[in-house]
Amino acid sequence: MDFEHESDDPFRDDEDDPDAHLSLEKESTKEYVVYLVDASPKMFTSTCPASADDQKEESHFHIALSCISQSLKNQIINRSYDELAICFFNTREKRNIQELSGVFVFNVPERDYLDRPTARLIKEFDRIEESFAKDIGSQDGIVPGTRENSLYNAIWVAQALLRKGSAKTVDKRVLLFTNEDDPFGCIKGAIKSDMKRMTLQRAKDAQDLGISIELLPLSHPSDPFNVSQFYAELIGLEEDELADFMPSSGNKLEDMKDQLRKRMFKKRIVKKLKFIIVDGISIELNSYALIRPTVPGAITWLDSVTNQPLKSERTFICADTGALVEESTKRFHPYKNQNIVFSTKELSEIKRFSTGHLHLLGFKPLSCLRDYYNLKPSTFLYPSDEAMDGSICIFIALHRSMIQLKRFAVAFYGGSSRPQLVALIAQDEIIQSGGQIEPPGMHMISLPYSDDIRLVEERHSEKVGMVTRASNDQIKKAADVIKRIDLKDFSICQFANPGLQRHYAVLQALALEEDEIPEIKDETLPDEEGLARPGVVKALEEFKTSVYGENYDEECEANAKPSEASKKRKAQAEVATKECENYDWGELADTGKLKDLTVVELKYYLTAHNLPVSGKKEALVSRILTHMKK
Amino acid sequence: MNETGGIGGEECVAASKVKGNGGIESALECIHPAGTKKNPEEESFSSNSTPSSARLTLFLFFSMARNKEALVLLLDVGPSMHSVIPEIEKVCSMLVEKKLIFTKYDEVGVVLFGTEDTDNELTEEVGGYQHVVVLKNIKVVEGDIVEALQQLPRGATHGDFLDAIIVGMDMLIKKFGETNKGKKRLCLITNAQCPIKEPFEGTKEEQVTTIAKQMTVHGMRMESIILRGKLSQDANKKIMDENDQLLRIFSTETSARSTYVENPVSLLGALRTRNITPSTIFKGDLELSPKLKIKVLVYKKTAEEKFPTLKKFSDKAASTDKFATHEVKVDYEYKSSQEPDKVVPPDQRIKGYRYGPQIVPISQAEWDAVKFKPEKGLKLLGFTDSSNVLRHQYMKDVNVFIAETGNTKATLALSSLVRAMKEMNKVAILRCVWRHGQANVVIGVLTPNLSDKENIPDSLYFNALPFAEDVREFQFPSFSNFPAPIQPNEQQLEAAANLVKMLDLAPQGKEEVLLPDFTPNPVLERFYRYLELKSKHADAAVPPLDDTLKKITEPDDELLQQNKSVIENFRRSFELKENPRHKKSRRLLREERYGSGEENSKGEIPALASNLIEDKSNVEVDNIGDLTPVQDFEAMFARRDNPDWVVKAIDAMKNKIHDLIEDSHEGDNNLKALECLAALRKGCINEQEPKQFNNFLRDIWSFCQEKSLHDFCDSLSSKGITLIPKSEAADSEVTEDEARSFLVKSQPKV
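Quick note, the sequences are listed as chains A and B, same order. Residue 1 is where the first sequence starts when you use full-length UniProt numbering, and the numbers rise one by one after that. Residue 1 is where the second sequence starts when you use full-length UniProt numbering, and the numbers rise one by one after that.
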């Protein structure tokens, strides 16, 4: 895990792009979300049948809550500046600024209704079901005989919660979880149409203010959710979008959770690109970062006395004169005993190529894309007709041909940070149990240059003659092992990052001032039980015998003999121990004369006492003092 | 030539007389004794009895000297090479430039063959070796070598590459003898079109084998770059085949590598201009199970060669100061946010990690106590179908797994796995902790890499895979769900398929174009060339990209010419149109208005119209006209160049509404005024300016009361335009009830 600070050298940043023309329009960077959860009795009684043997049935209400909980935990790590509110409707109690009945905004102390997620919110939200009946209560808000309209109220409350901030700088979203496709089903006649109209108008008003309302329907195999009943109009679905909206309903619990989770994401465009295919034909693409490493947030320095954040101030000092200088626009590189000076303008000129954007160079068969042609995570490309009609059509045509002919495109990507050759791989859409696993589009993969590839294998070639290759029998035995230790449904998403999980578990515990840090299960460890199964053990033994013969264990011991390097290290330690005896360390430390010794001399002590020898001289001295308990 | 070399040379002359490579065996035998002589450096070291405190430094110095490489470039400059010499000049000078920067103690010599002249020691000592010129003797790299390489002479005769190889070997042996094993390198660049001389005895094959064996004895490596395809002119195929055969002997008999290149780009990329000695990332067991472990070494296979980090330059030092470093030091001071003048000393600082809005302070010691501490090791989780891991899921640069050197059993075990995986189309999933104390684990995939050369062992490539937290599962519409007019038709699909087929960068039987392994980084090429240029002319401008490097960044003209009809057909098959609906929300409304040529109140039409032709989207609205006041208002609101626009828009809208009501004849403007009012209301909510609207509505209200414009008041209530309550805009002081009663209040009065 990388805890390093980002370098502030302007020539080293990776994705930041001063070329404004490449990123045409910045998307809103912040997101305000209101989770609107239906708490009607139906949400508690409807369940989703479990698929696997040991799963229990779960109520729709529980599913909605666990999805939100998951998303909160994700958000506090990834996008903690985004704000959210959690709001139930069809409740017995009410809590909202407008004092509207049937709507309850869930919150914790030291937090506004719409605010950033806090450790406490996550923790208390995880326990909400225990006290829900007592504190909030479930109660149908739309009943015949009254004109109460809890859905109308809920949308109004959500709109009021989202009034903060301008719609131009913030994405405002309402995520509505419900399993009732016909909320006014129990009402009849003119009152029904009236209530329906009012609710639709309320939703439209909210949408006019730049708030998008998104529906996350929960359904049951025997009672599928019919979007066209009412909600299609509310969320503004067009006729042709309807089919796309409800993918052949995932009936399994896990599938439903999966689909809800995916729907909760807001797609963010990284960049709009112009893809020059041939002279005169350029199409518009949007790029998305679907895979990027999640790293623990940056360190903030605090004053250990007050725990207040510190401001860091950077000053530039001329090394020769000691004078304070402005941030210089000149850089230099030593070469042939001179300092060659460059202006920052010249340096960016070096990286500039007339092509810009993405320029197609040609196509190659997929077999040419070797496994070692990789440097960083890929970027996903999807076409857009927004500025250029016909982009999608051309993209689909190329996409289809590339898949059929098993070819990838080679293009030059002229971004200013690292202009590079890229491979564009067409990815066909993959749908599994009703959900999209892989979206259709192209993945852009940075190709290495010859400067980036190392010829390791050749360095390990035998000087003369052939290297030994496995015999057919050995290959067969290896194949048996492979068959035995098979991960059938392996998918890249199956492991949580144990280091990251631990990091945030520690932070959460400290933030809530808890004494105990919850244990995080490391899912990445091998399945020891599985490996101990007799079939697996047998296959492994046979493979071992076939390659190593009967004396594998002896071989291991023979190999455990001290290597040249460790012998040398041992000899060094011996010398150090001997040399170390020549000094009176106690006295040197007491008289403060340790710092007068050379680094080599200090290292005698450290090596003799098996301490690390890294760091600057001061570090060495303080390490010795610590070790001597002075 | 240094002393040792001199002695070796004398012995050599005394030993025998041979002519050309006719008597190679004896020539090399006589060179050989030179190697037995002790290197002076070594002597001085062993006889040294320095005090122990200085031993370490000396050791460092010695190992540094040992790590330096000695390279002899053997360059064919014969007539058939003239067309490619400019590229050879570029790649060779780049190589030396990089040595000047990264490995300044390396030594380089340059030998040319195919020259008119002859100038080498062997010809003086034993005769023969015609048309081979030692351009630069082996010496520590200096600027003059770069210059010499930038202007190579064009030779007039056919060169004999074997003669050149022997001259190069002789130079290395004379200079280093037996020392510097593995750090002596020969680099041959030729098109190998001319036959080598017949030996006096034995066959050419035997002769080459003898030389190759001598290379092994002396610990030399050789790299040959052979130019073919476009880079070699019509040559005798028989001779080329014979030469290829001879060069192959080097590859099998000694550590030699032959690379065939067919175009200038790959010539630039084929010669490694910077040699990085790989160091292991991991050395130890690959655990298939607790009972079966294979000894492996893990190295980086790819690692991005970054643009060099340049230091900040300070020009404060006097220009006469020769010892000025010109460096700029960056100093960080941490100050308390309450007392901006107080600097907090380092020992009073503590690290804080963000968790939502909270910052959690935690000391290093505390952190070390609780953090995730996985055990070092590589553990197999299992095998899976290769289709379960997609190519775009690779996360980082790539590692390579090789069996421990010299461990035959490990090599066999790895080889059997690699071959079985390949046959079964499987990959392995691995959990890796490379180092002790690493704060995280890496999950990755091992893919088999079958070696196609006899003397290179099978290996595995390792790519890191994402964790669940690293994946964003965005959903995108299926292509099949797009309406028919957007879908490509048969003819369009065919045009696309033809393009994909014909714009071929990996044609059968020819060299793959832009093979990453042979494609240099154009940015780095450009930087280092510019650096060299600037060392001579400080004011030189950045040179434009040369034609060879352009082939990396732009499509190849030749390929485009060959496929003219396919491209033309593709172009004709598709229609691209600038989308008129583009950015409707922001700009379109304005464009429509100005586009239709309607007059503007301020008479700005001429200027705007000319703007329009160049860039429609740049037309900005700066006042509210009569025709489409609502759209103008929205457009002004949308202007982000200055926050004042919002205030201006609100004021202008107020005036407009006021005018509309005042000028209304029997309510004919009422509808428009109401629309404007509704737009103003919405705008004020969006921009959090409720007071502006509320006060204005009250004003209008009293204005209407005064002027007895009751019909407008009526329509106000019928349209439901109320004051903005607190529930709609936080800054409002009006309650929900007040807002509603504002209308109620008005109704009875009508």
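Check the hints yourself; a few may be wrong.
Stated by the list, open to error - A few chain A residues facing chain B, derived, Cβ under 7 Å:
{"id": "1", "residue": "Asn307"}
{"id": "2", "residue": "Asp371"}
{"id": "3", "residue": "Tyr372"}
{"id": "4", "residue": "Leu398"}
{"id": "5", "residue": "Glu429"}
{"id": "6", "residue": "Gln432"}
{"id": "7", "residue": "Tyr449"}
{"id": "8", "residue": "Phe495"}
{"id": "9", "residue": "Asn497"}
Stated by the list, open to error - From the structure, some residues in chain B lie toward chain A, with a derived Cβ separation under 7 Å:
{"id": "10", "residue": "Tyr332"}
{"id": "11", "residue": "Lys335"}
{"id": "12", "residue": "Lys342"}
{"id": "13", "residue": "Gln393"}
{"id": "14", "residue": "Val523"}
{"id": "15", "residue": "Val542"}
Hints in this document: simulated from the structure, not taken from any laboratory. Glycine included, each C-beta is placed from N, C-alpha and C at the ideal position.
For each hint, the structure was consulted:
{"no.": "1", "hint": "Asn307", "in the structure": "holds (5 Å)"}
{"no.": "2", "hint": "Asp371", "in the structure": "holds (4 Å)"}
{"no.": "3", "hint": "Tyr372", "in the structure": "holds (4 Å)"}
{"no.": "4", "hint": "Leu398", "in the structure": "holds (5 Å)"}
{"no.": "5", "hint": "Glu429", "in the structure": "holds (5 Å)"}
{"no.": "6", "hint": "Gln432", "in the structure": "violated (12 Å)"}
{"no.": "7", "hint": "Tyr449", "in the structure": "holds (4 Å)"}
{"no.": "8", "hint": "Phe495", "in the structure": "holds (6 Å)"}
{"no.": "9", "hint": "Asn497", "in the structure": "holds (4 Å)"}
{"no.": "10", "hint": "Tyr332", "in the structure": "holds (5 Å)"}
{"no.": "11", "hint": "Lys335", "in the structure": "holds (5 Å)"}
{"no.": "12", "hint": "Lys342", "in the structure": "violated (9 Å)"}
{"no.": "13", "hint": "Gln393", "in the structure": "holds (5 Å)"}
{"no.": "14", "hint": "Val523", "in the structure": "holds (5 Å)"}
{"no.": "15", "hint": "Val542", "in the structure": "holds (4 Å)"}
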